[in-house]
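Residue numbers (this note's numbering), protein chains in the order written: chain E, 18 to 365; chain Y, 18 to 365; chain U, 4 to 377; chain A, 4 to 377.
Take the hints with a grain of salt, since some may be wrong.
Some chain Y residues close to chain U (C-beta under 10 Å, calculated; not the full set) [as the list claims (entries may be wrong)]:
#, residue
1, G140
2, P200
3, E317
Keep in mind that the hints were calculated from the coordinates and are not lab data. Predicted model only: the values in this text are computed from it and were never measured. The beta carbon of each residue, even a glycine, is placed where N, CA and C say it ideally should be.
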Amino acid sequence: MTIAHDDIRVDERSTSVSTMSMAAALNLALADAIEADSEVVVFGEDVGALGGVFRITDALTARFGEDRCFDTPLAESGIVGMAVGMAMNGMRPVVELQFDAFALPAFEQIVSHVAKLGNRTRGGVRMPMVIRIPFGGGIGGVEHHCDSSEAYYAHTPGLTVVSPSTPQDAYSLLRAAIASPDPVIFLEPKKLYWTKGEVDTTVSARIGAARIARDGTDVTLLAYGASVPLALEAAEVAASEGRSVQVVDIRSLSPFDDATVTVAVRATGRAVVIAEAPGYASVASEIQARVFERCFEYLEAPVRRVTGFDIPYAPPKLEHWHLPDVDRVLDAIDSLHWEDSDREEGAS
Amino acid sequence: MTIAHDDIRVDERSTSVSTMSMAAALNLALADAIEADSEVVVFGEDVGALGGVFRITDALTARFGEDRCFDTPLAESGIVGMAVGMAMNGMRPVVELQFDAFALPAFEQIVSHVAKLGNRTRGGVRMPMVIRIPFGGGIGGVEHHCDSSEAYYAHTPGLTVVSPSTPQDAYSLLRAAIASPDPVIFLEPKKLYWTKGEVDTTVSARIGAARIARDGTDVTLLAYGASVPLALEAAEVAASEGRSVQVVDIRSLSPFDDATVTVAVRATGRAVVIAEAPGYASVASEIQARVFERCFEYLEAPVRRVTGFDIPYAPPKLEHWHLPDVDRVLDAIDSLHWEDSDREEGAS
Amino acid sequence: MDDERFRSPEDRLLPRREPVQLIDASGVGTTDEQFPRPDAETLLTAYRGLVEGRRINDQASALVRQGRLAVYPSSHGQEACQVGAALALAEGDWLFPTYRDSVAVIARGVPAAEALVLLKGDWHSGYDVRAHHVAPQATPLATQLLHAVGFAYAAKRRGEDTVVLALCGDGATSEGDFHEALNFAAVFHVPVVFFVQNNGFAISVPLSRQTAAPSLAHKAIGYGIPGQRVDGNDIAAVLAVLGEAVERARSGGGPSLVEAHTYRMQAHTNADDDTRYRERAEVQSWIERDPLTRLRAHLRDTGALTPELEEEYAAAAEETATAMREALNEDADIDPEDLFRFVTEARSPQLEEQWQLLRREIEHTADATAGGAR
Amino acid sequence: MDDERFRSPEDRLLPRREPVQLIDASGVGTTDEQFPRPDAETLLTAYRGLVEGRRINDQASALVRQGRLAVYPSSHGQEACQVGAALALAEGDWLFPTYRDSVAVIARGVPAAEALVLLKGDWHSGYDVRAHHVAPQATPLATQLLHAVGFAYAAKRRGEDTVVLALCGDGATSEGDFHEALNFAAVFHVPVVFFVQNNGFAISVPLSRQTAAPSLAHKAIGYGIPGQRVDGNDIAAVLAVLGEAVERARSGGGPSLVEAHTYRMQAHTNADDDTRYRERAEVQSWIERDPLTRLRAHLRDTGALTPELEEEYAAAAEETATAMREALNEDADIDPEDLFRFVTEARSPQLEEQWQLLRREIEHTADATAGGAR
Ligand SMILES: Cc1ncc(C[n+]2csc(CCOP(=O)(O)OP(=O)(O)O)c2C)c(N)n1
Ligand SMILES: Cc1ncc(C[n+]2csc(CCOP(=O)(O)OP(=O)(O)O)c2C)c(N)n1
Ligand SMILES: [Mg+2]
Ligand SMILES: [Mg+2]
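Here chain E stands alone, though its shape is the one from the complex:
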């Protein structure tokens, strides 16, 4: 694999490991990036004095000044378009779009310029920028506050799309994203903002690499963002029922880590893809399709997916019906031709 951003400054402080929420890890990553590179600036709606509606930019303005973290007028195309110009002129903008439905006004700028300017200029101009978007549901938010729009970005050539599922990855992937010469859509699973975990600031992440989140031999669950803890929970329940379930945290939605995923699924012969977004023409369907194609001879059963339904995101009182849950994942696992493998039945 040729994508590597291992060049992140390694922090030598002895206190490099501590326990914190994903929100705090993201905040720390921003602060450390601002300190490390004078061209890194953070901006967007309410990221200044307020510290962002999720407090991811908490205290950055107070600590580093308006010059490093500031509020903009309320216009997402403006925010992203301005970032494009700044990146053209040597800066490394990190912008926050408040909720992922509110990234949509910036869609033209993202698709027509952020994703394409590097290619358009034959690399003459690169777009080292990060667009941070809190995504996903499960927080009881009203309409437009819980969408999962990763498919729009992952489908767009030129964009790198990543999503962390742990505080450690939140820190390390965000540092890697900011250090990347290419534009990164950084999707933050808002449901996990307050989940705590250890963060070692000296650990660097490589964009483009999936992570084996749990070992297992019978079936592989492929998930990202908020679906990773769900997959781990399902794996735990399945284990109690005697099944050994492997969990892969995709992390990098684009580029995709075919190597890791293919090896994993070939070993177990069964796979379920899990994601909150509507399944149709989605990242989940992509993963399903490529696993099918690359592991065809190794599959004991069709690859399944457990995704959000193909409906507008559910209102708070109904979202538990809409989102993938442990039972739905277990049902999908159960459907994977366990006793009488269909391949034996159907072949010859």
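Please arrange chains Y, U and A with the ligands on chain E, whose structure you already have, making use of the hints.
Okay, now just chains Y, U and A with the ligands, sitting in the frame of chain E:
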């Protein structure tokens, strides 16, 4: 299947059949729809006096007046947002967005409102509107003029997405789209605008139905838009090499005609999906994934896809390398485990 | 430099130097040759609305604390704009509100319990938009302004005399859709009144970060439509200015832009912490300009508002609040199949398949609950 | 009604009633206290640029007919704006042009052959943006205005005195991005000059369908920045007005908006048929206002332009045209691997896989061509 719009006025004129280009068929469909329903209005950029940059709205203003076909200020979000309000107030707007990259400024309106208003109001307000978008390449257009953005729309719950590949379907599907109570993204393969064929204006189309474009028994090609004639051409060449190739014109990208496609692929046991758009997280990956899942026990080989590369659309001088072509489709067919079927090899 | 060189008939489009005010902060009426003060009866109706609006705001905020509403963006302090917007319209007219405008929606006749369905979390909108002539409350900022334009276009095309009043905040004026809406409205000369409640903040971002223009009303000039500033805490002025704008629209005079100067007295929503970005003293200073106390003083001074009437209004407001509480304390029975019912008019095979999956799960869960574990 | 009530210091933001003009259509110089006419030397340089610009436009149109360019949006008739934009900038300044602005790009120093790579179809942009301080020509309308703002922000932050001049057309002013760009520029007080070439049409749509405002320059008021109208066919006025705006920006005075009144003499592009939407008489009427003849008359009248100089300029323009022809008549050898080289800095495994697929196909085709059929 429950989707049916068979209620289109059937034209009793004896001259209902004639030969015309797809562009003319679309123009005729618009004119007939304007005549049939006083609430149908056509608007967009340059659709009036000019008749559209592709002449699809040719002479509509002259014939029906400014009240039925008119130019707007140059703002795509404005065009779609205005159409939303008109639809709320009982009209049936048919808007043209000039090229599909120029539909992107309207993306928020399309995703947050066009697709969702019916659901938001529990059906109290419906969105009977059509958004016409010339899409796809192969015309030597410069950047931003040849994209295939269907994945963005097909992934969005609430949107109906269709694309014709013949003048007949152009006419019938556009009439059905305008008659639909739901919002339809109508993707016109610009490469086929000038391709001629017979059009019978009394033929009505049902949205949601695929079409068997060619019978065959060895392998099924699944295609839509400009990829359909390509698939037919490849089938012809393959036939000369002794392979019987079936071609399915998907037509309705969302909702998808699982019934027709599943029956077709189960019968041949082999399938290749063809589309111009970048393949990653695309409609092609969706089709590939669902065919895999639904036809798993019937497949003699992995389902393949032949799509555009995951790159920004190529400049004119290089687009022939980028677009799916007959050879690439034939290579994909060749790769489908013909001699020593893997199922026989790999099983037991 | 000769100032006259910069003047032309078109310059009449300029808004006034100061917001229109007809009753000052202490309740004293002022005179204005262009905008006569509404009569006592109208002002009493307005006052009644303000009392109810304030009660609704405070009741809703309480319901959030009690966990009965998911979130509430209060218009406490902006009630003159809310009630003014509703009262300025005739029955056949339409209102296009935002998430902040529940009081306007209710003042327009939508039952509070229905207006609050969105914020309660039962569904994305809870009232019959056609029955009340009120569009669903919009969340994506400024997007609804374009819907208002299209709606008005359709009405005008049919020869109806419907006027559409579209609401948005100061922050929303920065969005591209604001620009496109005002421009389309002007070019197509449709009967829309754009009413901006400039409450000083977009969540935490102050107006100074939103615009460098002398006022938001000045934006009208760029579209060739009239713009006006009004004291948004003076409902007399709001009614007069909106009234004129609505009349102009109704009589074929086209769209206009009205900017109300008001203040968001509470945090953006209950989820917000406004101590992070504004001084208490600033908030305090606006108490003096409260829309209720001002009108109350005026109506008591002029003798129109009797203690009996005050009691009556308070009782009516209390009734509304009680009805709200009762309605919101009930848990609505929401059918999960609704998730699939309204996505499109006809249900696709895919959605039917997905519903069947969910239905089986629900049945299974019910069985499991009845019979034991998974 | 008291007009003074509508006046305030902020009203100084109003543009003039008439576009600034320093040389009239017949070549006669007029005086203006605010904008002195550039000196003869500057005007000679400008004239030289106009002659070259016209030649480039006409040569490019011919190359389209000969199939050497895929498409050409000509700025024939708008050369005063094109050349004026380039001349108004200092070397360190930046230009953000559109598809229409090839002449401005070339006038800024980009070799014609490189400027035309986009329209030839070899790649999406053909020049070194950093070397020439010219952003890639933008196709999606108004989007580049925001890039200009961000670019200027970065320059200002570093304490550089760079000014950014961003071009767009009349049609583009209707886009949301136009609004957001001007507003961001004003709020962040960045050194950007927005230069709108109002050529009367957006493809087929006339200005009257684009705005109901008295002028496009009036839009500046809504952002609190200066707006000015200028006769876009009078390069003396263009240079004076842009010069002032650039100077203001450079000295920390913030952004401004300049609207040039000009006319698109040819169809939108060669692919367009303008007989469908405008009268020949209208087009004819603008010939009298041609930017070249006017300046030529003026410079000959004042004696600055000698027959020798005229010949020299014509020869220089001819040289440029010849170079263009030669460069464009050559077929560039384009490496298909370029499709994968620049998508991201490091090539993803997926793109590498896809390139290998294409590479094998190309080799196979080469073999087949060498050895026989498939
Ligand atoms: C397009 C979009 N971007 C961001 C948001 C998130 N958001 C909700 S309210 C708000 C502030 C709006 O301020 P303003 O327009 O002044 O209205 P107010 O809330 O003050 O009434 C923001 C940023 C949104 N709803 N829509
Ligand atoms: C966002 C977007 N929408 C539509 C188009 C298609 N288009 C290209 S040029 C043009 C007209 C532009 O008019 P104007 O801004 O006046 O510039 P001019 O061509 O007259 O120089 C249109 C509609 C586009 N390039 N970008
Ligand atoms: Mg506000
Ligand atoms: Mg123009």
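So, going through the hints one by one against the coordinates:
no., hint, in the structure
1, G140, "holds, 5 Å"
2, P200, "holds, 9 Å"
3, E317, "violated, 26 Å"
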